[in-house]
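Visitor: The sequence shown begins at -13 in the numbering used here and counts up by one.
Just so you know, these hints were derived from the structure itself, not from any lab.
Small disclaimer: the values here were computed from a predicted structure and weren't measured.
For each residue, glycine too, the CB sits at the ideal point set by N, CA and C.
Just so you know, not all the hints are guaranteed correct.
What the hints assert, rightly or not - Capping the alpha-carbon separation at 30 Å, the derived lysine-lysine pairs in DSBU-like fashion look like this:
no. : residue 1 : residue 2
1   : K50       : K29
2   : K50       : K72
3   : K61       : K50
4   : K72       : K29
Said to hold, decoys possible - Derived DEER-like restraints, expressed as beta-carbon distance ranges:
no. : residue 1 : residue 2 : range
5   : S3        : L33       : 28 to 34 Å
6   : Q(-13)    : R31       : 18 to 24 Å
7   : S(-7)     : N69       : 29 to 35 Å
8   : G51       : Q(-13)    : 14 to 20 Å
9   : S(-7)     : E32       : 30 to 36 Å
10  : S39       : S101      : 36 to 42 Å
11  : E74       : N13       : 34 to 40 Å
12  : A26       : Q(-1)     : 16 to 22 Å
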Amino acid sequence: QVQLVESGGGLVQPGGSLRLSCAASGNIFSISILSWHRQAPGKQRELVATITSGDSTGYANSVKGRFTISRDNSKNTVYLQMNSLKPEDTAVYYCNLRHAFLTYWGQGTQVTVSS
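Let's have the full structure, built from the sequences with the hints guiding it.
Guide: Written as C-alpha coordinates, this is what we have:
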(Lines of atoms letter the chains of each structure in order from A and count residues from 1; the text may use other names and numbers.)
(Lines give C-alpha, C1' and ligand atoms only; values in the text may rest on other atoms or scores of the structure.)
Protein backbone atom coordinates (compact mmCIF):
# COMPACT_ATOMS: atom_id res chain seq x y z
CA GLN A 1 0.00 0.00 0.00
CA VAL A 2 1.24 3.50 -0.90
CA GLN A 3 0.18 6.75 0.70
CA LEU A 4 0.81 10.11 -0.96
CA VAL A 5 0.78 13.38 0.98
CA GLU A 6 0.88 16.69 -0.89
CA SER A 7 1.99 19.99 0.62
CA GLY A 8 3.00 23.47 -0.46
CA GLY A 9 -0.26 24.87 -1.76
CA GLY A 10 -1.58 28.28 -0.82
CA LEU A 11 -2.56 31.73 -2.01
CA VAL A 12 -0.18 33.54 -4.35
CA GLN A 13 -0.41 36.66 -6.49
CA PRO A 14 -0.32 36.45 -10.30
CA GLY A 15 3.27 36.15 -11.47
CA GLY A 16 4.34 34.48 -8.24
CA SER A 17 5.78 31.04 -7.55
CA LEU A 18 4.98 28.01 -5.45
CA ARG A 19 6.62 24.62 -5.01
CA LEU A 20 4.41 21.64 -4.35
CA SER A 21 5.76 18.49 -2.73
CA CYS A 22 4.33 14.99 -2.61
CA ALA A 23 5.85 12.48 -0.21
CA ALA A 24 5.20 8.79 -0.75
CA SER A 25 5.34 5.80 1.54
CA GLY A 26 6.28 2.31 0.42
CA ASN A 27 9.13 0.91 -1.63
CA ILE A 28 8.05 1.30 -5.26
CA PHE A 29 8.61 5.05 -5.57
CA SER A 30 11.85 4.87 -7.56
CA ILE A 31 10.37 2.52 -10.18
CA SER A 32 7.10 4.36 -10.59
CA ILE A 33 5.76 6.99 -12.95
CA LEU A 34 4.81 10.12 -11.04
CA SER A 35 2.51 12.88 -12.17
CA TRP A 36 0.72 16.01 -11.06
CA HIS A 37 -2.89 16.66 -11.99
CA ARG A 38 -5.24 19.51 -11.18
CA GLN A 39 -8.95 20.10 -10.98
CA ALA A 40 -10.57 23.51 -11.06
CA PRO A 41 -14.16 24.04 -9.87
CA GLY A 42 -16.64 22.77 -12.43
CA LYS A 43 -13.92 21.27 -14.63
CA GLN A 44 -12.51 17.81 -15.19
CA ARG A 45 -9.24 16.76 -13.64
CA GLU A 46 -6.38 17.34 -16.07
CA LEU A 47 -2.82 16.09 -16.34
CA VAL A 48 -0.25 18.80 -15.65
CA ALA A 49 3.14 17.08 -15.67
CA THR A 50 4.70 13.60 -15.66
CA ILE A 51 8.11 12.18 -14.78
CA THR A 52 9.16 8.62 -15.48
CA SER A 53 11.49 6.40 -13.49
CA GLY A 54 14.18 7.40 -15.99
CA ASP A 55 13.53 11.11 -15.37
CA SER A 56 11.85 11.79 -18.71
CA THR A 57 9.32 14.59 -18.31
CA GLY A 58 6.21 15.81 -20.08
CA TYR A 59 3.97 18.83 -19.62
CA ALA A 60 0.57 20.11 -20.58
CA ASN A 61 0.82 22.89 -23.15
CA SER A 62 -0.79 25.31 -20.70
CA VAL A 63 2.10 25.01 -18.22
CA LYS A 64 5.07 24.30 -20.50
CA GLY A 65 7.93 26.67 -19.77
CA ARG A 66 6.44 27.73 -16.42
CA PHE A 67 6.21 24.49 -14.39
CA THR A 68 8.96 21.97 -13.67
CA ILE A 69 8.44 18.47 -12.29
CA SER A 70 11.28 16.70 -10.49
CA ARG A 71 11.79 13.77 -8.17
CA ASP A 72 14.12 12.81 -5.33
CA ASN A 73 14.15 9.05 -4.96
CA SER A 74 16.23 9.27 -1.78
CA LYS A 75 13.34 11.14 -0.15
CA ASN A 76 10.46 9.39 -1.95
CA THR A 77 9.27 12.84 -2.98
CA VAL A 78 8.09 14.41 -6.21
CA TYR A 79 7.99 18.18 -6.68
CA LEU A 80 6.21 20.66 -8.90
CA GLN A 81 7.89 24.04 -9.19
CA MET A 82 5.35 26.54 -10.49
CA ASN A 83 6.52 29.92 -11.75
CA SER A 84 4.74 32.82 -13.45
CA LEU A 85 1.47 31.67 -11.98
CA LYS A 86 -1.78 32.82 -13.56
CA PRO A 87 -5.32 32.99 -12.16
CA GLU A 88 -6.26 30.11 -14.46
CA ASP A 89 -3.78 27.90 -12.57
CA THR A 90 -6.14 28.02 -9.59
CA ALA A 91 -7.15 24.45 -8.76
CA VAL A 92 -6.70 21.57 -6.38
CA TYR A 93 -3.46 19.84 -7.31
CA TYR A 94 -3.10 16.08 -6.90
CA CYS A 95 -0.09 13.84 -7.21
CA ASN A 96 -0.35 10.37 -8.69
CA LEU A 97 1.91 7.33 -8.57
CA ARG A 98 1.63 4.53 -11.14
CA HIS A 99 3.43 1.21 -11.29
CA ALA A 100 2.21 -1.65 -13.48
CA PHE A 101 -1.54 -1.97 -12.75
CA LEU A 102 -1.32 0.01 -9.49
CA THR A 103 -2.28 3.66 -9.18
CA TYR A 104 -2.47 5.87 -6.12
CA TRP A 105 -3.67 9.43 -5.51
CA GLY A 106 -2.92 11.99 -2.86
CA GLN A 107 -5.61 14.00 -1.08
CA GLY A 108 -4.85 17.20 -2.99
CA THR A 109 -3.57 20.65 -2.11
CA GLN A 110 -5.31 23.91 -3.00
CA VAL A 111 -3.50 26.48 -5.12
CA THR A 112 -5.17 29.86 -5.50
CA VAL A 113 -3.72 32.56 -7.75
CA SER A 114 -5.35 35.89 -7.06
CA SER A 115 -4.52 39.51 -6.38
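Visitor: Take the C-alpha atoms of K61 and K50, compute the straight-line distance between them, and say whether it is at most 30 Å.
Guide: Status holds; Cα separation ~26 Å.
Visitor: Taking the Cβ atom of G51 and the Cβ atom of Q(-13), is their distance within the range 14 to 20 Å?
Guide: violated (36 Å)
Visitor: I want to verify a distance hint. Is the separation of the beta carbons of Q(-13) and R31 within 18 to 24 Å?
Guide: Cβ of Q(-13) to Cβ of R31: about 22 Å, so the range 18 to 24 Å holds.
Visitor: Take the C-alpha atoms of K50 and K72, compute the straight-line distance between them, and say whether it is at most 30 Å.
Guide: Holds, because 13 Å separates the two Cα atoms, which is no more than 30 Å.
Visitor: Quick check: does the Cβ-Cβ distance between E74 and N13 fall within 34 to 40 Å?
Guide: Since E74 and N13 have Cβ atoms about 37 Å apart, the given range 34 to 40 Å holds.
Visitor: Confirm or reject the claim that S3 and L33 have a C-beta distance inside 28 to 34 Å.
Guide: Hint violated: Cβ distance 21 Å, outside 28 to 34 Å.
Visitor: For the hint 36 to 42 Å, verify it against the beta carbon of S39 and that of S101.
Guide: holds (39 Å)
Visitor: Should the hint that S(-7) and E32 are 30 to 36 Å apart at their CB atoms be regarded as holding?
Guide: violated (21 Å)
Visitor: Is the hinted range of 29 to 35 Å satisfied by the C-beta distance from S(-7) to N69?
Guide: violated (18 Å)
Visitor: Has the hinted range 16 to 22 Å been met by the Cβ atoms of A26 and Q(-1)?
Guide: holds (18 Å)
Visitor: Straight-line Cα separation of K50 and K29 no greater than 30 Å?
Guide: OK: K50 and K29 at ~20 Å, within 30 Å.
Visitor: Can you confirm whether the C-alpha distance between K72 and K29 stays at or below 30 Å?
Guide: holds (17 Å)
Checked against the numbered hints listed earlier, the structure breaks hints 5, 7, 8 and 9; every other hint is satisfied.
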